[in-house]
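So you can see what is in the structure, the chains are spelled out below.
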Amino acid sequence: AQKITQTQPGMFVQEKEAVTLDCTYDTSDPSYGLFWYKQPSSGEMIFLIYQGSYDQQNATEGRYSLNFQKARKSANLVISASQLGDSAMYFCAMRPSNTGGFKTIFGAGTRLFVKA
Amino acid sequence: GAGVSQSPSNKVTEKGKDVELRCDPISGHTALYWYRQSLGQGLEFLIYFQGNSAPDKSGLPSDRFSAERTGGSVSTLTIQRTQQEDSAVYLCASSLRLADSTDTQYFGPGTRLTVL
Chain L
80 AQKITQTQPG MFVQEKEAVT LDCTYDTSDP SYGLFWYKQP SSGEMIFLIY
130 QGSYDQQNAT EGRYSLNFQK ARKSANLVIS ASQLGDSAMY FCAMRPSNTG
180 GFKTIFGAGT RLFVKA
Chain Z
500 GAGVSQSPSN KVTEKGKDVE LRCDPISGHT ALYWYRQSLG QGLEFLIYFQ
550 GNSAPDKSGL PSDRFSAERT GGSVSTLTIQ RTQQEDSAVY LCASSLRLAD
600 STDTQYFGPG TRLTVL
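Protein sequences, first through last, are from chains L and Z. When we follow this note's numbering, the leftmost residue of the first sequence carries the number 80, and every step to the right adds one. When we follow this note's numbering, the leftmost residue of the second sequence carries the number 500, and every step to the right adds one.
Chain L with its partners taken away, still in its complex shape (with noise of 0.2 Å):
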């Protein structure tokens, strides 16, 4: 079965430290791509950082970066320097080639405060 798994319902960080929000993955398909979409209280989604099955180096993009673990099957996404606009839910995604491309499974997000 192909599966999100983020086991951080919510979590907190100081204003300026680094966060890591956790994502596991599951799924047969030897391609496939995994994203972080960031959805703030206004409720649209954002895409954040892309990281491809077969890239060899981490994705980064500014102050995010995806921690791409293939082995463990693990995409945590790492954010510097937080800041209080960073408070939102991030969701973990992961779009296999096999299913026809289509369909991109979400977690259940994991929601971030960040403290003044």
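Read the hints as simulated data drawn from the structure, not as lab findings. Each hint should be verified, as a subset may be incorrect.
Covered by chain Z, according to a simulated footprint, are these stretches of chain L (three or more residues, beta-carbon under 8 Å) [stated by the list, open to error]:
{"no.": "1", "region": "111-123"}
{"no.": "2", "region": "126-134"}
{"no.": "3", "region": "183-193"}
Don't be surprised by glycine CBs; every beta carbon is placed ideally from N, CA and C.
Following the hints, put chain Z in place on chain L, whose structure we already have.
Frame of chain L; chain Z shown alone:
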């Protein structure tokens, strides 16, 4: 360029009434997706369209739900005889291409549906 737009942003209706939700994808995006997000939950896939191909309706929860996409662009999600359990945020996303695990979905702001 413009992102994915959805209308209305909020819809309150009475149980038993029909509603139509609209999605305008990013220009040039051939794939379009509808998701449902209940309060505090993750995303539930509903339906997707790819170009002029027949849509995949496997995620629709009941035959009260239908969707169409005219001219390969704008899509309308229709819920007939609404029930209180239909209350949720309905999110639309579009992507540039389908048959690739790197394909990134970009989301609209969503329509919050409340069935009284």
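Report task. Check, residue by residue, whether the region 111-123 of chain L contains three or more positions whose beta-carbon lies closer than 8 Å to a beta-carbon of chain Z, and give the verdict. Result -> Per the Cβ count (7), the hint holds.
Query raised in the report: Okay, the region 183-193 of chain L and chain Z, do three or more residues pass the C-beta test at under 8 Å?
Result: holds (count 5)
Query raised in the report: Quick check: the region 126-134 of chain L, covered by chain Z? Criterion 3+ residues, Cβ under 8 Å.
Result: holds (count 4)
The structure agrees with every numbered hint stated previously.
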